[in-house]
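Trainee: Residues per chain, in single letters:
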Amino acid sequence: MTDYDDIDILLVEDEPIDAEMTIQALRRGNLANRLYWARDGVEALDFVLCRGAFADRDPLHATKLVLLDLKMPRMSGLELLQTLKTNADTQKIPIVVMTSSKHDRDIAESYRLGANGYVTKPVNFDRFSAAIRNIGTYWLVLNQAPTP
Amino acid sequence: MRTPWINENLAAAEIDILLVQDNHADADLAMRALVKGGVGARTRWVQDGVEALDFVNGSGDFTARDSNDLPKLVLLDLKMPRLDGFDVLRALKGNARTRSIPVVVLTSSNRSHDVAECYRLGANSYVTKPIDVDSLATIIIHVATYWLNVNQAPT
Chain A
1 MTDYDDIDIL LVEDEPIDAE MTIQALRRGN LANRLYWARD GVEALDFVLC
51 RGAFADRDPL HATKLVLLDL KMPRMSGLEL LQTLKTNADT QKIPIVVMTS
101 SKHDRDIAES YRLGANGYVT KPVNFDRFSA AIRNIGTYWL VLNQAPTP
Chain Z
149 MRTPWINENL AAAEIDILLV QDNHADADLA MRALVKGGVG ARTRWVQDGV
199 EALDFVNGSG DFTARDSNDL PKLVLLDLKM PRLDGFDVLR ALKGNARTRS
249 IPVVVLTSSN RSHDVAECYR LGANSYVTKP IDVDSLATII IHVATYWLNV
299 NQAPT
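These protein sequence lines are chains A and Z, in that order.
Just so we're aligned, residue 1 is where the first sequence starts under our numbering, counting upward by one.
Just so we're aligned, residue 149 is where the second sequence starts under our numbering, counting upward by one.
Simulated from the structure, these hints should not be mistaken for laboratory data.
Watch out, some of these pointers could steer you wrong.
What the hints assert, rightly or not - Facing chain A, a subset of chain Z residues (Cβ under 7 angstroms, in silico):
1) Y267
2) N272
3) Y294
4) N299
For every residue, glycine included, the Cβ atom is placed at its ideal position computed from N, Cα and C.
My request is simple: use the sequences and hints to build the entire structure.
Mentor: Structure (structure tokens):
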């Protein structure tokens with residue numbers, strides 16, 4: 001058993017301020033207790049595939065939600081999305097893209113690659129917090145996540 | 149039983165939600181909840197998978213519809229006559245033109261096999277219907293609000 005075994009939300013975000021705001025908003029909704037923050041796509045992929053620093057993680061514990069930023073170093077959000085959605089073992093994990101980009105091309109490409117949802121980060125802090133709490137409640141409480 | 153909530157004009161107009169449900173009482177409850185929650189003004193109810201695909205593709209009874217107007221959300225039941233929810237998912241998600249439409253499976257089944265199969269076929273989300281009618285109405289409003297107001301639909 002490691003601390004990684006009972007994670008519900010995998011947050012993939014390279015920007016510390018955005019990550020902190022997301023975690024705070026989820027915490028206020030009591031939704032952040034079982035969250036792991038990966039700093040980029042490479043770390044997130046290691047987490048999901050239980051390798052590298054996460055080799056001891058139990059692959060049978062389902063991640064209920066991946067909250068995915070798009071612009072990140074090393075491996076972008078779109079690359080990670082494509083990798084996870086084309087692998088039969090990881091294809092079912094719900095992935096919500098959360099980004100400041102409102103470009104039609106990013107939206108279309110995310111859905112084409114199989115994103116379960118796409119949320120644009122509001123600039124206003126209160127709206128940002130509200131959106132994050134809505135996302136957390138929807139995917140952790142209402143949505144039925146697949147079991148691995 | 150005829151539900152009072154069908155707006156036939158919506159067949160040709162832009163809609164937000166396509167509700168695919170063969171059970172009239174369940175559809176009626178969902179339509180009432182959506183209207184009450186202020187998110188269902190542009191909902192179209194169809195009764196099975198064949199009608200759902202006709203609506204999205206502008207075929208069958210829906211040839212007058214502009215098939216470029218894709219719904220922002222499909223609320224999909226699983227067990228239906230003629231063409232079931234799995235077949236609808238397979239058709240929508242296997243077609244480049246329609247695969248980006250968010251599809252939420254809304255069903256009384258919580259069997260892990262059904263859940264897994266829906267995600268495998270590309271369902272965006274899977275929500276289990278509670279038995280209690282009030283809880284069901286609340287959940288339908290939450291689901292529609294999330295997908296129409298929080299989620300960014302493809303353009």
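Trainee: If a hint holds in the structure, say so; if it does not, say that too.
Mentor: How the hints compare with the structure:
no.: 1; hint: Y267; verdict: holds, 4 angstroms
no.: 2; hint: N272; verdict: holds, 5 angstroms
no.: 3; hint: Y294; verdict: holds, 5 angstroms
no.: 4; hint: N299; verdict: holds, 5 angstroms
When held up to the earlier numbered hints, the structure conflicts with none and fits them all.
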